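**Q** Sequence:
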Amino acid sequence: MKAPASRFWSRLTTRDFRTLDPAATVAVLPLGATEQHGPHLPLGVDSTLVDGIVAAAVPLLPADLPVLFLPTQQIGLSPEHARFPGTLTLSSGTLIRLWSEIGAGVARAGVRKLVLFNAHGGHVGAMDVVARELRVAHELIVYSASWFNLPLGEAAAQFSADEHRFGVHAGEIETSMMLALAPAEVAMGAARDFGSASRRRAQDYPILGNGKSAKLGWAMEDYNPQGAAGNAAAATAEKGRALVDAAAAQLALLLAEVSRLPLQAIETGPLP
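Just so we're aligned, residue 0 is where the sequence shown starts under numbering that gives the first Met the number 0, counting upward by one.
Read the hints as simulated data drawn from the structure, not as lab findings.
From a predicted model like this one, the values you see are computed outputs, not experimental measurements.
C-beta atoms are modelled at their ideal positions from N, C-alpha and C, and glycine is treated no differently.
Take the hints with a grain of salt, since some may be wrong.
Here are the computed lysine to any residue pairs in the SDA-like style, where the Cα-Cα straight-line distance is at most 20 angstroms [what the hints assert, rightly or not]:
id, residue 1, residue 2
1, Lys214, Ala155
2, Lys214, Val128
3, Lys211, Val123
4, Lys211, Glu162
5, Lys214, Gln202
6, Lys211, Glu132
7, Lys211, Asp221
Across the chosen pairs, the derived CB separations fall in these ranges [said to hold, decoys possible]:
id, residue 1, residue 2, range
8, Val128, Gly208, 41 to 49 angstroms
9, His163, Asp15, 38 to 46 angstroms
10, Arg96, Ala156, 33 to 41 angstroms
11, Asp63, Leu207, 25 to 33 angstroms
12, Asp15, Trp217, 42 to 50 angstroms
13, Pro21, Asp127, 21 to 29 angstroms
14, Phe7, Glu153, 44 to 52 angstroms
15, Gly188, Pro261, 51 to 59 angstroms
16, Ala156, Arg259, 35 to 43 angstroms
17, Thr18, Asp161, 45 to 53 angstroms
18, Ala196, Arg17, 49 to 57 angstroms
19, Arg164, Thr12, 46 to 54 angstroms
20, Gly152, Gly92, 36 to 44 angstroms
21, Ala232, Glu153, 37 to 45 angstroms
Given the sequences, and given the hints that come with them, work out the whole structure.
**A** Spelled out as structure tokens, the structure:
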């Protein structure tokens, strides 16, 4: 199997696409965001995280594995942060059209497999919609994956169950990763243990607050008026580096599995 001339889509020439293996080549669309992350982190956290994980994954890919990373999407779906200055967001309709049209371009290039690789929790629903639409419209095999849902083992176990559940934004986890990837952009003097209203709901409402049975349509200020939730003050670069490396290793394994998956996985033939 011949690897592409570059791992990055935008660095290829149009002639390079003639030699790609459509059954094995995987395009990856990294999904970041530009949204507030409390008083201590910059707006570009999600883009920094997804790019950092991709950068750590690239050296782990086998030389002959045909994987192409598309340009990172740095503005996404962030209406839940819109009241905080600096946040940029697309509407859900615009976002779905944008990602769908990027996917259509991937299909036109002869690539049949696409992974939407995400660092922003607010994208999960839209990713599912786009993945299904691209499957129906273009016969693409599309997988949606968020770094925080990968099996991260001991790297994730560094953080308490409480932090995993309630530290959903700019808490110990994201702050640790930023300390590993972009320490100059972290204002640890402003980091706090940012409490979350969802913890109180979990105590008072056993069904509404269990995190699974019912989902709240929330804005970030509903959790904490400072725009963060979680114990950012406990963050360390060492914990963040372990998370980045674990996510990168799992991303590399995921892409190898997608490449190996036969196209027949979605080619079921005519209906009876």
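**Q** For every hint, state whether the structure bears it out.
**A** Hint check results:
| no. | hint | result |
| --- | --- | --- |
| 1 | Lys214 x Ala155 | 24 angstroms, violated |
| 2 | Lys214 x Val128 | 18 angstroms, holds |
| 3 | Lys211 x Val123 | 15 angstroms, holds |
| 4 | Lys211 x Glu162 | 17 angstroms, holds |
| 5 | Lys214 x Gln202 | 16 angstroms, holds |
| 6 | Lys211 x Glu132 | 26 angstroms, violated |
| 7 | Lys211 x Asp221 | 18 angstroms, holds |
| 8 | Val128 x Gly208: 41 to 49 angstroms | 27 angstroms, violated |
| 9 | His163 x Asp15: 38 to 46 angstroms | 41 angstroms, holds |
| 10 | Arg96 x Ala156: 33 to 41 angstroms | 39 angstroms, holds |
| 11 | Asp63 x Leu207: 25 to 33 angstroms | 51 angstroms, violated |
| 12 | Asp15 x Trp217: 42 to 50 angstroms | 44 angstroms, holds |
| 13 | Pro21 x Asp127: 21 to 29 angstroms | 24 angstroms, holds |
| 14 | Phe7 x Glu153: 44 to 52 angstroms | 31 angstroms, violated |
| 15 | Gly188 x Pro261: 51 to 59 angstroms | 53 angstroms, holds |
| 16 | Ala156 x Arg259: 35 to 43 angstroms | 29 angstroms, violated |
| 17 | Thr18 x Asp161: 45 to 53 angstroms | 51 angstroms, holds |
| 18 | Ala196 x Arg17: 49 to 57 angstroms | 55 angstroms, holds |
| 19 | Arg164 x Thr12: 46 to 54 angstroms | 47 angstroms, holds |
| 20 | Gly152 x Gly92: 36 to 44 angstroms | 38 angstroms, holds |
| 21 | Ala232 x Glu153: 37 to 45 angstroms | 23 angstroms, violated |
Checked against the numbered hints given earlier, the structure breaks hints 1, 6, 8, 11, 14, 16, 21 and satisfies all the rest.
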